[in-house]
Every structure is written in structure tokens, then in C-alpha cells.
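Asker: Okay, here's what each chain looks like letter by letter:
Protein chains: 2
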Amino acid sequence: MTFGNGYNISNVLFIGDLYSSHHVLREVGYSFMQIQDIFLRYENDLAMVEKFIEEQQQSYVHLIPEITGYIINSGGKRLRPLLLMISSDLCAYEGDRRYSMAAVIEFIHTASLLHDDIVDHAIIRRGKPSANSVWGNSATVLVGDYLYTKAFKVLAEDEDPAVQKLLSITTTTMTEGELIQLMKMGEINASERDYLSVIEKKTAVLISSACAVGAILAKVPESKVEALTRFGMRLGMAYQLTDDALDYVAEEEEFGKAIGMDLKEGKTTLPLIRTLKKCSSDEKALIKRVLGSEDVKDSEIKEIISLISGYKGIEYAMEKAKEYILEAKKFLEPFEDTIPREALFAISDYIVERKL
Amino acid sequence: MTFGNGYNISNVLFIGDLYSSHHVLREVGYSFMQIQDIFLRYENDLAMVEKFIEEQQQSYVHLIPEITGYIINSGGKRLRPLLLMISSDLCAYEGDRRYSMAAVIEFIHTASLLHDDIVDHAIIRRGKPSANSVWGNSATVLVGDYLYTKAFKVLAEDEDPAVQKLLSITTTTMTEGELIQLMKMGEINASERDYLSVIEKKTAVLISSACAVGAILAKVPESKVEALTRFGMRLGMAYQLTDDALDYVAEEEEFGKAIGMDLKEGKTTLPLIRTLKKCSSDEKALIKRVLGSEDVKDSEIKEIISLISGYKGIEYAMEKAKEYILEAKKFLEPFEDTIPREALFAISDYIVERKL
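Here the protein sequences come in this chain order: A and B. Just so we're aligned, residue 2 is where the first sequence starts under this note's numbering, counting upward by one. Just so we're aligned, residue 2 is where the second sequence starts under this note's numbering, counting upward by one.
Note that these hints are calculated values from the structure, not bench results. Quantities reported herein were computed from a predicted structural model and do not represent experimental measurements. Treat each hint with caution, since some may be false.
Identical chains blur together in the list; that is why a pair holds if it fits in one copy or across any two.
[Stated by the list, open to error] DSSO-like mimics (lysine-lysine), calculated; alpha carbons at most 27 Å apart, straight line:
#, residue 1, residue 2
1, 285, 52
2, 279, 265
3, 321, 220
4, 78, 323
5, 129, 166
6, 166, 52
7, 166, 220
8, 279, 52
Isolated chain A, as found in the complex (with noise of 0.2 Å):
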């Protein structure tokens, strides 16, 4: 296991003065832990979640392994799963019940994935064709239905009333958070709290439940439970600001997707919000003229991107990120120090860190 800065943890845990001061930086809440190492320690756990989703997903309907197989394999990080192990493992949680539900929120999450490419007309996913440009938006809106009852299925076998409902209402408050996004799709007057409210909804709820459930599979005290909610929350946050913010900066080979894709698709994310409060009216005309318009010029598109650039809209929003990863942290204070909470505190570092 390697720490930050190529340390190896057997150096690090004879070397008594660097391993107390990393102890101090760790009760701040700082991580030297890195992604890979998280990775290394879960492996066997999301080997067994794969497992479960592997076979949930076969069906004697060959459409439904064919697609769910698509986009489940298609490098998806696995990011709920693996919250899901860490907090259980927090929690001290260790049953199996741990990998059919991080299989049910897997499930969960790409199926609103497979929608959500239906309701942005998607032509590529994480670099890949989108499975409704390889398979219509029939196909695809009946294989997400798959996935969302099959999670259900799953979660009726499991009986814990506690779980389904936490997944339920998660399920309706992303539902509805799409709905409001669609509904404020090319809206030039969205504000922060509006997008804020759209990105808690549609993204954070889930990995907030991720979290909270591995604390309620351990039957931890009410308050553990509620530390990891609003953790997760804070994280899923910083999660989709991130991403919106990398929207208007990642290229194509690294991020899997096109540059200002919610810009063309009339999406008003952040960074785009903070340069509409900052810039001209002539640049707001030329926004208000592209944002999901279908007749857009490639310089128009660049023009904008310089925009948000010159007034500072992806460090605008990635302050932000920074800000809800600080508080998240906060959250994690009640717990021990432990390899799982050091764990949570550098995927939260890794969240706002990440290139890709």
C-alpha cells in the first residue's frame, strides 16, 4: 500500500515522527492515501459486488444482458459501490448483504443513466456510442426499466424496510431532479441555488444513500447513519460540480466525452451561471443564442468557452466543490481514525482532484 508521495506504508509505519505527523494531517481531515490504494483494499469486495450484478443482469431476453452489459462495462468507476464497501466497512459491517445492495444502487444508477441519454439525445457515453445511438431509444428506455425493477426485485427479497425506503425516496428525488433540469433546459436566468437544487437531487441523493447504506446494513446508531448521509451529500455535490466544471475543460480522449456538451445540450451549469453574472449583455446575448440551440457554430462554442474562462466560471465552481468536500469532512469527525476513514477522506480529496 503506498501513501501519498510514493511513501511505502511499511517505511511510513517504522518511521515514527512522519507517521505522527501524517497522523495529525489525517484528524484535519487530509488523506494520504491515494485512489489506487483504496482500490487495492476493496478489490475483493467490488470483485463480489461485480459478481451479484453479472448475474442479476442475465436474462433469457438477450437484449437485456446485451445493453446492461454495455454500459455497466463500459468504465464506470464504480464510485457508489465502493462507498458503499467503505462505509460498511467504517460501520463494521462485513455480511454479504453489503454486495447485493451495492449492486441494487449500481443498477439504480445506470438505469437513469441509460434515460438520461434518451432525455439529452446522448451520441456518446463515457467515449463510447451511447446505447440509444446503438440500440434506439426504445430498447434503451424498456433495458433502464429492467434495471430499475430489477434493483426493486432485489431490494423486496432483501426485506429491510429501512433500506427500501431510503432507495425509494432516492429514486423519486432523482427522478424529479432530471424532470426540473429538463424543465430549465436552455433557461438563461437559472440561478445557483436552482442548479445547486438540480445537481442535489439527480446526483448526491444516490451517493448519500450509498453511504448511508453500509452505515444502516451495521446497524450503527441513528446519528452514524445521518453523519454518512450528510457526508455522501456533501460529496455527491462536489461530485456533479466537478463534472460540469470538467465539462468545459476536459478533452475528449481523457474525459470520454465531447468539450461544452451542456452547453449544446442547454444545460446551465455553474460555470456558465457565475459568467452569466459577471459578463456583458452582448456576451449574454451570444449565450442566450447558442445554449441548446441546435444551429451552433464550432467558434461560437469556443467563443463561450474563452468566456467562462476569462471570468473564472470552472474555478468559480470548483471553489465550490472544495467548499462541500471541506464540510463533508466534517461529518467524519464522530467516527475513529481507521483505514476507512482515511479512506472516505481521499476519495473526497480524489472527487475534486480528478482529471478524469
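Dock chain B against chain A, hints included.
Answerer: Using the frame of chain A, we list chain B on its own:
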């Protein structure tokens, strides 16, 4: 309350001979109740279901009540909630859970209609523009998802594993049925067996579950739950067979959809399957050209409809539907001769006799 042929119940009860001959006929599954009598008996119950539906479809996201209201109030017959009311009544359950559970089933049904309209590229549903042609595919996908997740939220709060398991398997099966149908679109060689398997999954299982849930709520012995499950499955088969037959005979004004829609959409239903089995190779070539093609003349549709009529495809399908109804009724034999049992007989007859 009016019996068939216009006899008023108060008269009938005083004419001993007539009453006992009715009684004998009822014993063999013949019903003197009319569909209006049934709706009258369950009027208050159905109003309670409506109230629950109305409450649950409220959301601060105005598109949700707008679209769900549009489709839920667009002249649906509430067959599934009615069946649940009658089967609860038959099993002597009078609690409030029948209202919420009936709403759950209607939500699942409505969600599947919304998503089907996307799959079928439907323009018209029940004589009105389909939701997707009014609000577009994006909103329709999401509002369908909202209804599915709302259904599971109500089920989670209800905390009955038996109902949850039944309805989650039901919904998964429905999606599989829709996917198989999609994969067989335009398939000229679909067999009667393929067709029956699709309608069992996409339609009959939910109707069957509506009947079963009434019995589960009443906590009657397993054998009665099973009897109502089997009754409902056959009723559902007859229902879809009749629907598909009516697609070739109904006038737009009376059935709420254009004639030969299934043919245009490429769905090989039983009247066509029967015709394909009987017709000449020239006629088969015409059907093959037209089935699901986008470029079809009205005269060709008319020609195929008259082929189906000539080969008695509709009569064949209706015979099959009636066989299912006969089978269905047999499963009600273990139940005492009560008004709800007669109501189920009457609905069975109505399903294969209805013109709209």
C-alpha cells in the same frame, strides 16, 4: 341493481323460479350482473383509490401531475384497481391497504403505458394525443420513471414482503415481455406460442397480480391466493387477445385508436398470425412488405384487413379468448357463491364481449 336482460333485482328476488334458474346458471359461471352494476357496487372504493392516486401524483415539479393527470384521467377503465377491490371483497378484506395497493398497480400500469408510447412511437392513446406527442420523449420517460419509483415508494412504506416480491417480479416480467415484443417487431414468422408468451408477460401478469394482491391482503390460505392468481392470468390473456382482435375491427371513434395500428407498428398479433398460416404465398408477401413498414398505402392496410377477415383471424383470436375465460372461471369454483364472485364472472364475460 339491474340483472342482464333488464330484470330488476327487486323483481327477481320475488320470482322464485327465475331466481333459482339464475342460481343454477351462476353455479356454472354464468353471470347476470352487468358491468355497470359492478362499478356501482365498488363506486366508493374506486373513489378512495382515485383519492390516493390524486394525492400521490402531486409534486412541486408541475410536469408530474400535469402528465400523470393527463394519462391517468384519459378514460382508463381502472380494470386493475376494480379487480383488486373485487378480489379483496371475495376474500372478505375490508382494510384501507386495498386503496394504496390498487393505486400502486395503476401506477405501474400507467408507467408502462407511458414508456410503451415511446417504444411504439405512438401518436394516439385512447383517442387523445399520446403523452410523448404532447410533451416529447424526454418528459415522458422521466414521468414514467417517477410513477414506477412512486409505486415502489408506496410499497416500501406498506412493508409487506409478499406483495413487494409479487409486484417486483411482475414488473420485471412486464419489461421482459415488452422487450421480447420489441425484438420480434416486424417478424413475419412469429408463432402463436411466441405471441401468447408475450401477452402473458406484458399484460396478463399485472392483471393476475391485481387479483392475487386482493387475496394476499385478506391473508387467506395459499390455495386461494393461487386460485385468484391463475384466474387473473387467464383473464389477462383474454383481455389482451380481445384488445388485439379489436385493433382490427374497432372504429376510431368507438375504440379510441385507429384500425390496424398493430400492423402499422409491426406487431404480429394473433389475427395476423392465423392469417399468415392460412394465406397464399402472394398474400404472405404483401403482409411481409407492409408489416411495420413506414411506407404503406391505406389501400394495402385495407387489403390485409380484408384478408384477416376472410381467413377468420379475428374469430380465431376471439375463440381463444373465450377459451381462456372458460378456464379462468373454473378457478373461482372453490369460492362460495357470493356477489363478488358473480362480479368476477361478469367481468370475465364483459372482457370478451366488450366493443370498447
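Asker: At most 27 Å between C-alpha atoms: does residue 78 with residue 323 qualify within a copy, between copies, both, or neither?
Answerer: This pair counts as within: shortest intra-copy Cα distance 21 Å, inter-copy 54 Å.
Asker: From the Cα coordinates, with 27 Å as the cut-off, is the pair residue 279 and residue 265 best called within, between, both, or neither?
Answerer: within (21 Å within a copy, 54 Å between copies)
Asker: Checking an output row: residue 321 and residue 220, CA cutoff 27 Å. Within, between, both or neither?
Answerer: neither (33 Å within a copy, 54 Å between copies)
Asker: I want to check one pair: residue 166 and residue 220. Are their C-alpha atoms no more than 27 Å apart within a copy, between two copies, both, or neither?
Answerer: both (16 Å within a copy, 24 Å between copies)
Asker: Should residue 279 paired with residue 52 be assigned to within, between, both, or neither, using CA atoms and 27 Å as the limit?
Answerer: neither (50 Å within a copy, 49 Å between copies)
Asker: Which holds for residue 285 with residue 52 at a C-alpha limit of 27 Å: within a copy, between copies, both or neither?
Answerer: neither (50 Å within a copy, 47 Å between copies)
Asker: If the cut is 27 Å between Cα atoms, do residue 129 and residue 166 qualify within a copy, between copies, both or neither?
Answerer: neither (35 Å within a copy, 36 Å between copies)
Asker: How would you classify residue 166 and residue 52 at a CA-CA limit of 27 Å: within, between, both, or neither?
Answerer: both (25 Å within a copy, 22 Å between copies)
Checked against the numbered hints given earlier, the structure breaks hints 1, 3, 5 and 8 and satisfies all the rest.
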